[in-house]
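A.B. asks: The lines below spell out each chain.
There are 2 protein chains.
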Amino acid sequence: MHRCQPPDAVVWPQNVEQVSQLAALCYSQGVPIIPFGTGTGLEGGVCAVQGGVCINLTHMDRILKLNPEDFSVVVEPGVTRKALNTYLRDSGLWFPVDPGADASLCGMVATGASGTNAVRYGTMRDNVLNLEVVLPGGRLLHTAGLGRHFRKSAAGYNLTGLFVGSEGTLGLITAATLRLHPVPEATVAATCAFPSVQAAVDTTVHILQAAVPVARIEFLDEVMMDACNRHSQLNCPVAPTLFLEFHGSEQTLAEQIQRAEEIAGHNGASLFSWAKEAEERRRLWAARHSAWYAALALRPGCKGYSTDVCVPISRLPEILVQTKEDLKASGLTGTIVGHVGDGNFHCILLVDPEDTEEVRRVMAFGEQLGRRALALHGTCTGEHGIGLGKQQLLQEEVGAVGMETMRQLKAMLDPQGLMNPGKVL
Amino acid sequence: MHRCQPPDAVVWPQNVEQVSQLAALCYSQGVPIIPFGTGTGLEGGVCAVQGGVCINLTHMDRILKLNPEDFSVVVEPGVTRKALNTYLRDSGLWFPVDPGADASLCGMVATGASGTNAVRYGTMRDNVLNLEVVLPGGRLLHTAGLGRHFRKSAAGYNLTGLFVGSEGTLGLITAATLRLHPVPEATVAATCAFPSVQAAVDTTVHILQAAVPVARIEFLDEVMMDACNRHSQLNCPVAPTLFLEFHGSEQTLAEQIQRAEEIAGHNGASLFSWAKEAEERRRLWAARHSAWYAALALRPGCKGYSTDVCVPISRLPEILVQTKEDLKASGLTGTIVGHVGDGNFHCILLVDPEDTEEVRRVMAFGEQLGRRALALHGTCTGEHGIGLGKQQLLQEEVGAVGMETMRQLKAMLDPQGLMNPGKVL
Ligand SMILES: Cc1cc2nc3c(=O)[nH]c(=O)nc-3n(C[C@H](O)[C@H](O)[C@H](O)COP(=O)(O)OP(=O)(O)OC[C@H]3O[C@@H](n4cnc5c(N)ncnc54)[C@H](O)[C@@H]3O)c2cc1C
Ligand SMILES: Cc1cc2nc3c(=O)[nH]c(=O)nc-3n(C[C@H](O)[C@H](O)[C@H](O)COP(=O)(O)OP(=O)(O)OC[C@H]3O[C@@H](n4cnc5c(N)ncnc54)[C@H](O)[C@@H]3O)c2cc1C
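Chains U and D, in that order, give the protein sequences. Going by full-length UniProt numbering, the first residue of the first sequence is number 1, and it counts up by one from there. Going by full-length UniProt numbering, the first residue of the second sequence is number 1, and it counts up by one from there.
Chain U on its own, in the form it takes in the complex (with noise of 0.2 Å):
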């Protein structure tokens, strides 16, 4: 949805200093400076609206150090989420934070990705321990003290969440220190199909009341459900459906099963099936992660925009239901999927660039889902963060004082406005 922006220019630093001798040297010449992590963004974060230079960060892509004691590890920008979990293979730890695409680590804490296990794990807010931070100006900044990676301190203003979610809107992020998790001694996933779209969500809202610790509880609408058993060769029910994963011990496995069945039931689900093996898991959960190009696939040559809000889970199922009719209504072709333990979801739509009329009523239609959100006391984005769409659902969101200390915060880091500006505010 966002046409493309070229920069002026683009480099690819091999370290720090280059980082900070760049930042520098724009800063000094009042030319834009557009950090890139992999460009897998969704609010077209990474669009050079006024030119400038991109700072790509793909080349510094080293593990600078691992702690397993401490479960914590220290990665460079160009560091991906795969990439880290595959060096981690034999460690005994992953890092769950899981937003579908192989994101870089850094952009991820840029835009304050979550996805999949953050209803067990949390998101990047909460698994940011330490940030290396080139500033505006080209100084160095580790928001916890260089070095340090300890789980909890009260020491001065929180300056590493301050940085999560920043979009690269107040500084460059050259390393990030994380927080490593214990890989599950077993791991069961599961597909559960409903009568109805309120049915599928009212379990999840009764799993999380009934204190089951589920990893991972997805929601794919029937159109999403036909859309992926086509593109990626499933053969799950076309119905509004649930993907689900559990991890343990055996033991606690089987009792967070039978609890996860019970509900289900109750709620009127028929199909619970379960993918034990690691290949059927593997499947199962490429499907779910290759929703958007099962998406694509419905309507060839068109592109996509993935909507993204949250609210608190009571009120889910209504705005579920009001979408599906909203999205009826509108006529547009999409479909509903989402990470509904946290009480967030997307709708990707389907659009023709060159039709003006109907990418006009896309838009219409996430700004009117961004208000349907904000009403019911949610945000406009759960996930996918503010960019270049959203800033008049921001300043509806947060206010006019919230608003200007945003401001503030932006014109105390940013005082010429260079870093990736026309984003976010």
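Not one of these hints is a red herring.
Remember, identical chains collapse to one label, so a pair may be satisfied in a single copy or spanning two.
Calculated pairs, SDA-like style, for lysine to any residue (alpha carbon to alpha carbon, straight line, at most 25 Å):
hint, residue 1, residue 2
1, K65, P317
2, K410, G138
3, K65, E396
4, K276, Q251
5, K410, G399
6, K65, G399
7, K65, A210
8, K328, P317
9, K65, D202
10, K65, Q209
11, K276, A211
12, K328, L298
13, K303, V238
Keep in mind the hints are simulated off the structure, nothing from the lab. Nothing here was measured: the structure is a model prediction, and the numbers come from that model.
Given chain U, put chain D with the ligands in place with the hints provided.
C.D. replies: Showing chain D with the ligands alone in chain U's frame:
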């Protein structure tokens, strides 16, 4: 340790409008403002070092809104954690952050408090969803937008996180939206004595590495254990001891207990004593929460000073062993007690306030301990904050650029430097 410095006046506002008017009035007259929760803070946060008006928030003690289905609640600043948990008694929900003292929840936000349950449920940083803040000039900020209470968001900068741990230096917190948790189905507590400090701490590290979801894991050295035995009529062996608690279903508890016993056994623990009844557990935790008073009773008439550091858990054994030796060498009376599951512990030092030489030695000991933690990639405060006592250590911890960024934040929100002046920075 922090000499009492009374303000020029104390006011008890009844509602947020009054707080706002007071802030505006003080600010326009250049009068310092000191927010006051329940005064249990340990780093001199409520001392009026430059005089001014103390805004005592205890009269604003309503629970504004419980959203049981969304696991959230909105409280005014006078609500304490015990009052909240009493209110929640029949809801199946509870608020786990537990600093021992019956502190105000907004004071706990202000100090970034944690306590015994943080190893499982996180600290205040992880459990605050939204804050209502009266900014220094009197304007009202809702950090996540008015009335919002979602589980996650990527909308703009993280203003909520900025105020958690700000120790009253950036604004007055007049309401907090907190995350609640389901009451565990079953709970078991235990004490376990060890042949050495090293063995107790190794057990902690191994329990975490084995991913046993322990809810509480507290260390008491033999001096502390002895004092607690006497003060709270326990009869635990006088030895380095862990107090543990496990939450879960009956079945998962059995498994957690078995693993913990195995690990403790491997580390030479002899006595594992289980408290399954609620009354027994209550006595145990009451004793743990009275550790401060038990320590005070070691030298009647003396004052206590509680140090507070946090290190990566792998470094806990060495810093605890060193600290025991430092304590012996110093000739001071002190106990060690801590939330070792987070790598966080305290030395409670007893000091005769009239003995300036002893006061000097206690200060020096605290500073040395802080530097030991810093040298091990740790923090000079895991939970008590910087207040008046740790400003030098904060500088060493975050470095020049970190300090400058914090000073910029302070200047941005409080340009006249009237919010709780002299603290943190
Ligand atoms: C198929 C698909 C599925 C997705 N599913 C999810 C999902 O489930 N959950 C989710 O959260 N997201 C999802 N996303 C979105 C995307 O993967 C995330 O936003 C991701 O965090 C972006 O990382 P990136 O490295 O690609 O960043 P980029 O796209 O390169 O950049 C995104 C923004 O961050 C800034 N940035 C990047 N790196 C840095 C850095 N080192 N320092 C400072 N600023 C930086 C950029 O300037 C830009 O503003 C999905 C995307 C796709 C294509
Ligand atoms: C016996 C004992 C045991 C303790 N154990 C722990 C522990 O295990 N973990 C732990 O974290 N702490 C512990 N503490 C310390 C203390 O309980 C916490 O720091 C607590 O969070 C302070 O809350 P309060 O309401 O008493 O704040 P106060 O002492 O009143 O204030 C503390 C600071 O916060 C500011 N403040 C207070 N309320 C507000 C507000 N509404 N808005 C803005 N600023 C405000 C004050 O200006 C001051 O700077 C312990 C204290 C005692 C006495």
